[in-house]
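Novice: If you want the building blocks of each chain, they are given just below.
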Amino acid sequence: MTLKAVVNNVAPMTASKDVVVDIQKMSLTFQTADGPVYALSEVDLTISRGEFVSFIGPSGCGKTTLLRVIADLERATGGDILVNGVPAQQAREQRAYGYVFQAPALLPWRTIESNVTLPLEIMEISREERIKRGHDALKLVELNGFEKKFPWQLSGGMQQRASIARALSFDADLLLMDEPFGALDEIVRDHLNEQLLKLWARTNKTVAFVTHSIPEAVFLSSKIVVMSPRPGRIIDIIETDFARDRTLDVRETPEFLEVAHRVREGLRAGHSYDD
Amino acid sequence: MTGKLDKFCLVAAVFALLSLVFPLSGVHIETGKNVAFVADLPGLASAMVACVVVGVIFTWYGVTSVVRASILLLIVVFGAWQAVAALYHGGLAGYASYGFWMFILSLWALVWRAIDVIANYHTLENGKQQTANLIVPVAFGIWLLFLWEVTTAGCGVPQVLLPPPSMIGVRFVNSTGILWDDFRQTFLKAVIAGYVLGCGGGLIVAIAVDRVPFLKRGLLPLGNMVSALPIIGVAPIMVMWFGFDWQSKAAVIVIMTFFPMLVNTVSGLNAAGRLERDLMATYASGYWSTLFRLRLPAALPFIFNALKINSTLALIGAIVAEFFGTPIVGMGFRISTEVGRMNLDMVWAEIALAALAGTAFYGAVALAERKVTSWHPSFRVRRH
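Note that the protein sequences, when read in sequence, are chains A and B. Residue 86 in the numbering used here sits at position 1 of the first sequence; the count goes up by one each step and never skips. Residue 142 in the numbering used here sits at position 25 of the second sequence; the count goes up by one each step and never skips.
It should be emphasised that the hints constitute simulated quantities derived from the structure, not laboratory data. Just so you know, these numbers come straight off a predicted model, no measurement behind them. Even glycine gets a Cβ: it sits at the ideal position worked out from N, Cα and C. One thing to keep in mind: the hints can contain errors.
Restraint ranges, calculated between C-beta atoms of paired labels, are given here [unchecked claim]:
#1 A/P143 <-> B/S495: 35 to 41 Å
#2 A/Q187 <-> B/L473: 47 to 53 Å
#3 B/P494 <-> A/R212: 25 to 31 Å
#4 B/A398 <-> A/G267: 19 to 25 Å
#5 B/S187 <-> A/E271: 52 to 58 Å
#6 A/N229 <-> B/Q364: 53 to 59 Å
#7 B/Q247 <-> A/P193: 25 to 31 Å
#8 A/H220 <-> B/P494: 52 to 58 Å
#9 B/I321 <-> A/N229: 37 to 43 Å
The calculated DSSO-like cross-link candidates involving lysine-lysine, where the alpha carbons are at most 27 Å apart (straight line), are [what the hints assert, rightly or not]:
#10 A/K234 <-> B/K488
#11 A/K233 <-> B/K425
#12 B/K488 <-> B/K245
#13 A/K217 <-> A/K283
#14 A/K224 <-> A/K234
#15 B/K333 <-> B/K425
Kindly produce the complete structure, drawing on both the sequences and the hints.
Specialist: Okay, structure coming up:
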């Protein structure tokens, strides 16, 4: 973190140079015709550099909303959110993160290469540089050779990998992923989870990952944030210490099952059975 | 034998057989005698016999392949040729009677069956499939022209009511000079200018309307009203404003084409999904960047829709506008004056020209659409 960023950090909080996301007493209320909906309430969370943080919880617990607040796609109605030491909006304008949505959201009129280099094009980076970086990003997700294809010529899993390559192409340190593999079948999902883990281990990026799958959360994360609905809040934060180069086999170990059990207990405790 | 009799071929055989028996023509007004008998027209008689024979054979064996359908088509072509020859050289024109019409019905049944078989032809060989796809509309169109020809000639329809297509064709070929001048005046000057201005203006205003909310509320209803203005009310006023030449016609076209483009583009600009807009927001993409990289490409199918609608509207507008004052050239001018002189074949030649120009214009826009929006689900082909 540069000195400038620390100086910009006007909020009186611990400006550790390793904190990428710092959320304090953040709340978000949607005003609807049926009255206010408390999407998030009093959320406190810090994400450090190099962490892989999963947000898990039932639908409606605000995990996607939380990710969108970090990305400045949604504005909090209370509290502070700092990303890289600056307010979320400023961080977005500095292109501090790559965002992967639930759907690939590839533009159908662009080839895979030109989709992946779209952010670079918006940042007005030269053409040769774009092609080089796009090529590198596609290599990271093992999609090299598909540069000239159109999105609809690729399978769902490949499309989602292309959208990850797009988020990686401009080399932001922070990767925000909103249930990126939710629509894929289990085999493809396992494979992509392994690839993502390798990518994380290799690039040392910070990842925030929304999921509703317990095995996925436990397998991928170094920190699991368990959330509960109405209002959306954090009820447990679990740190794990699996090796960074773990494989899918880790899912059979007692440690893994123990963490998974704790996550499940947390989810159960936070779940309201009135519906 | 396919187990079932082919009904269309059966009908064809029966009607061809009857046509050999029934009188071919009515009685001549002056001589009081029958104009012609089957025996007088050996060509027509042989075509009738051929229809009977082929009809019976295919009734029994069925039209099971494209080859058999092609044989039917060849018989129909021969029959049609003989029918037209009998009309103009056998003296049947104006006097055709039951026998002749039954022969036409027989041909109709055969051509129907043949086109039906070819239309259902499916093959993986691209060339053959394309040929089959081309034969169907061409055969259908030629058949309609043939029906028009024999009906007008056979019944002796007055040329003022409806001239036969052959007459229109002759007039068309003999007046290419006039037609070219009219085409240049109406299409190349008025239509192109009005179309470009109207569509371009609609597109730019649509972007402004989308950008400025109060324009949406203020301008869209106004545009709606302008589009509802009757063209025959606006055209004379435009002639007052912009003079007799093509400029006033272009102005009418601008009024006609502006609104479809405006409305389509406004809805097209909202076609980009929520997800894609969020995506652009994560890259801190500005208004213009998002407009050109996301929203306009997403709006292209809508814009092309308007371009296609306007391509036909523009030609109609130009021709109608020329009824209200024009230099002595132009398609609309020619139609209005030649009607007055009872030169209906010239009017029809102009109509044919308008149809050709309109179809070509529409086709060009549709082709451009295929090229530009080849990514759209309605066009894309899987290429691996």
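Novice: With reference to the structure, classify each hint as holding or not holding.
Specialist: Hints and how they fare:
1. A/P143 <-> B/S495: 35 to 41 Å: Since A/P143 and B/S495 have Cβ atoms about 39 Å apart, the given range 35 to 41 Å holds.
2. A/Q187 <-> B/L473: 47 to 53 Å: 51 Å Cβ-Cβ, so the 47 to 53 Å window holds.
3. B/P494 <-> A/R212: 25 to 31 Å: holds (30 Å)
4. B/A398 <-> A/G267: 19 to 25 Å: holds (21 Å)
5. B/S187 <-> A/E271: 52 to 58 Å: holds (55 Å)
6. A/N229 <-> B/Q364: 53 to 59 Å: Because 57 Å falls inside the window, the suggested range holds.
7. B/Q247 <-> A/P193: 25 to 31 Å: Cβ of B/Q247 to Cβ of A/P193: about 27 Å, so the range 25 to 31 Å holds.
8. A/H220 <-> B/P494: 52 to 58 Å: Distance hint for A/H220, B/P494 is violated at roughly 29 Å.
9. B/I321 <-> A/N229: 37 to 43 Å: Taking Cβ atoms as reference, B/I321 and A/N229 lie about 42 Å apart, which means the hint holds.
10. A/K234 <-> B/K488: Satisfied, since the Cα-Cα distance of roughly 16 Å is no more than 27 Å.
11. A/K233 <-> B/K425: violated (30 Å)
12. B/K488 <-> B/K245: Holds, at about 23 Å.
13. A/K217 <-> A/K283: holds (22 Å)
14. A/K224 <-> A/K234: holds (15 Å)
15. B/K333 <-> B/K425: holds (24 Å)
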